[in-house]
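A.B. asks: If you want the building blocks of each chain, they are given just below.
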Amino acid sequence: MSYKIIVFVKQVPDTQNITGEAMKPDGTVNRAALPAIFNPEDLNALELALQLKDRYGAKVVVGTMGPPNAAEVLRESLYRGADEAVLLTDRAFAGADTLATSYALSCCAKKIGDFDLILCGRQAIDGDTAQVGPQLAEKLNLPQISYVQEVLELDKRHVKARREIDGGYEILEVKLPALMTVINANEPRPQNGRRLMKYKKARTASELAKDHANANYTDAEALAAEQENLAERGLMIYEWTAADAKADPERIGLKGSPTKVKNIQNVILKASESKMIDPTAQGISQLMHELISDHTLG
Amino acid sequence: MAEKIGNVWVFIEQEGGKIADVSLELVCKGRELANRLGVKTEGLLIGDKLSHCVDTLYHYGCDTVYLVEDPRLEPFTVLPFAKVIMDMIKAHKPNILLFGATHKGRELGPRVASEKLAGLTADCTDLQIDDFDDKVNKQFYKDKLMQIRPAFGGNIIATIVNTWDDPQMVTVREGVMKMTEPDTSRKGKLVNVKPELTDAEMVIKVIERIREEKAVNLKGAQIIVAGGYGVGGKENFKLVYDLAEALGAEVAASRAAVDAGWIDHDHQVGQTGVTVRPKLYIACGISGSVQHRAGMDESLKIIAINTDPGAPIFSVAHYGIVGDLNTVVPLMIKAFKAKV
Ligand SMILES: Cc1cc2nc3c(=O)[nH]c(=O)nc-3n(C[C@H](O)[C@H](O)[C@H](O)COP(=O)(O)OP(=O)(O)OC[C@H]3O[C@@H](n4cnc5c(N)ncnc54)[C@H](O)[C@@H]3O)c2cc1C
Ligand SMILES: Cc1cc2nc3c(=O)[nH]c(=O)nc-3n(C[C@H](O)[C@H](O)[C@H](O)COP(=O)(O)OP(=O)(O)OC[C@H]3O[C@@H](n4cnc5c(N)ncnc54)[C@H](O)[C@@H]3O)c2cc1C
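Chains A and B are the protein sequences, given in the same order. Letter 257 of the first sequence, counting from 1, is numbered 256 in numbering that gives the first Met the number 0, and no numbers are missing. Letter 4 of the second sequence, counting from 1, is numbered 3 in numbering that gives the first Met the number 0, and no numbers are missing.
Hints are computed from structural coordinates only; laboratory data are not their basis. Be a bit skeptical, because a hint or two may be false.
Here are the simulated lysine-lysine pairs, DSS-like style, with alpha carbons at most 27 angstroms apart [what the hints assert, rightly or not]:
#1 Lys-92/B <-> Lys-254/A
#2 Lys-137/B <-> Lys-254/A
#3 Lys-3/B <-> Lys-213/B
#4 Lys-110/A <-> Lys-274/A
#5 Lys-274/A <-> Lys-278/B
#6 Lys-204/B <-> Lys-155/A
#7 Lys-159/A <-> Lys-92/B
#8 Lys-188/B <-> Lys-218/B
#9 Lys-261/A <-> Lys-3/B
#10 Lys-261/A <-> Lys-92/B
#11 Lys-336/B <-> Lys-274/A
#12 Lys-213/B <-> Lys-233/B
#13 Lys-336/B <-> Lys-218/B
#14 Lys-23/A <-> Lys-48/B
#15 Lys-245/A <-> Lys-110/A
#16 Lys-3/A <-> Lys-48/B
#17 Lys-48/B <-> Lys-204/B
#18 Lys-274/A <-> Lys-137/B
#19 Lys-92/B <-> Lys-137/B
#20 Lys-188/B <-> Lys-92/B
Not the full set, but computed from the structure, chain A residues with beta-carbon under 8 angstroms of chain B [claimed, not checked]:
#21 Asp-127
#22 Gly-167
#23 Glu-172
#24 Pro-176
#25 Ile-263
#26 Gln-264
#27 Ser-273
#28 His-288
#29 Ile-291
#30 Leu-296
Glycine residues also receive a C-beta, built at the ideal position from the N, C-alpha and C atoms.
Just need the whole structure built from these sequences, with the hints factored in.
C.D. replies: Now the structure itself:
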């Protein structure tokens, strides 16, 4: 295996198929109206990593920062072909803006270590900023290629990629290690049935402990033994706290975030005084007349 | 005594020596913010051989233009631009720094903000000056930039404030700030800057670069006729073109129509297309998803034609026509021709 590729993926509320108001009156996300999904462009980033693995041989490590149930997107990555997964989770990360998020992810990448490439999606569909990728590149002092459509060449020293620019495309070459943000320009492979059977057992240490507790199973030794057994079979999802990742507590979560949300409003469709027009020659003739007389047309 | 606050800066984006519209929009907005704060509006013009752009920036409202020229700054790559901007921020300490939320602005802004350890608010659609009373942290901030932006795929609007060190940085969506008439008698001050670049910034190599100027000018259009998936096919888009021609309008489309290959991406309106604000927007066979509305709901008048009375487009429309576009559009052409 010649390359090591880290893919950062995010679990997001499905803002595109929203079934009610996005925010509750108290300003928190209305999770009932917004099921959690794999951020769409992160699937494209993962797909690109897996294509590189197929073409050149690589170990693909996925990482996410999020609450414990964000482990779901890590398992999904394993089903599709990732080799290892890391969940960065700690209450202290909560409330992070993109500066604090990119700092936390940079600590995670350093702990994973020894990477040739880091891939991110261009943009997450909740925060919608597209800032974390470039900021992470800066934190790690890496060159970045944003809006990547396709990797043309990879060798031990360089990567050459085609990326979108306003009104066209560019082919850029940079030295490794480097960071790329990936756009919706490939077709993510489906979950692989055999991998699914294997990796649905993958657990973080906390999940495993919870499974045991739920089964009223309190034998610490048995838990440790199972953890070891899963680890041997590559079924342990690494779970790191802020301290594990050696993150400076001043630079993470709310504390490490310069931007503050002052207020949030649900977008309510403007119920403009809408006038219904008959789809008949007469109705439309009247409409055109009205638009001409108020100088909208003509 | 209060410390003197810094100026309002605008990153002036240019391509081949032509200033991007969004940068002129931001100079106009920057002027307004600077007047409110009693400071100057300053443009950062970076590239090579750009002195011909300077007067235009004065005309739109810049008091100062920092002109940073070096052959290594063409074509645009992100690292040397970030270095230049960082050095300039350290030297002059602006209060506010505006970028267009373009491909360039959205990779450059975060790179700079990360190094400066400054906040950056993405893709703003409005900016205002106001005080911020942070009750949670018991801090009061005077005359802060209120950074107003849609998030959650356009389902919410958030007002965000940057509470750390200056500058307060934002990227601003194209086409949403109004461009005011240039005043060709306005003059300003030119400051030539020699950039300090090293090999460390020159590690991104541009092997090939293919660009076309956009053939369609949706942003400047007064009237737009837009077709969606309901148009039904590439040939049938002729109907949309016919209505546009009759009305002297530009043609736009929803993403579903673009993805179907019926029309080029340059015509797409919405979150991942262009934001438009014409006098009249006619939506034919467009359901009105939140991503589409994000690009057109500020139009002065909206006509929606759709067979489904429950389509969300009707809730932003001023005139709703529940009917088949294949009959309604020809009726519109006929009625308009009869009137003029
Ligand atoms: C309404 C609202 C508005 C906001 N506006 C801003 C703002 O203007 N500026 C600001 O700094 N913050 C803002 N935030 C905070 C921001 O959403 C969070 O910092 C978030 O953790 C990352 O930003 P994003 O979702 O925009 O990600 P993006 O920057 O869009 O994500 C790009 C890529 O980075 C990677 N990535 C991002 N987050 C993670 C993660 N947690 N784990 C692993 N990979 C990840 C993924 O590959 C993703 O595709 C806002 C939050 C809300 C709720
Ligand atoms: C991240 C992201 C970004 C996006 N960005 C954009 C964007 O920038 N712009 C954009 O437009 N979309 C965008 N979308 C896609 C968006 O969610 C919708 O899928 C898209 O706008 C739907 O296009 P439509 O209304 O043409 O198609 P549909 O939703 O399929 O609607 C077709 C409409 O036509 C009507 N119709 C059918 N036949 C007729 C007829 N004969 N006469 C009259 N009406 C008829 C139907 O009733 C229906 O309402 C984005 C999506 C995502 C996930």
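A.B. asks: Could you work out which earlier hints the structure fails to respect and list their numbers in ascending sequence?
C.D. replies: 3, 4, 7, 8, 14, 16, 18 and 24
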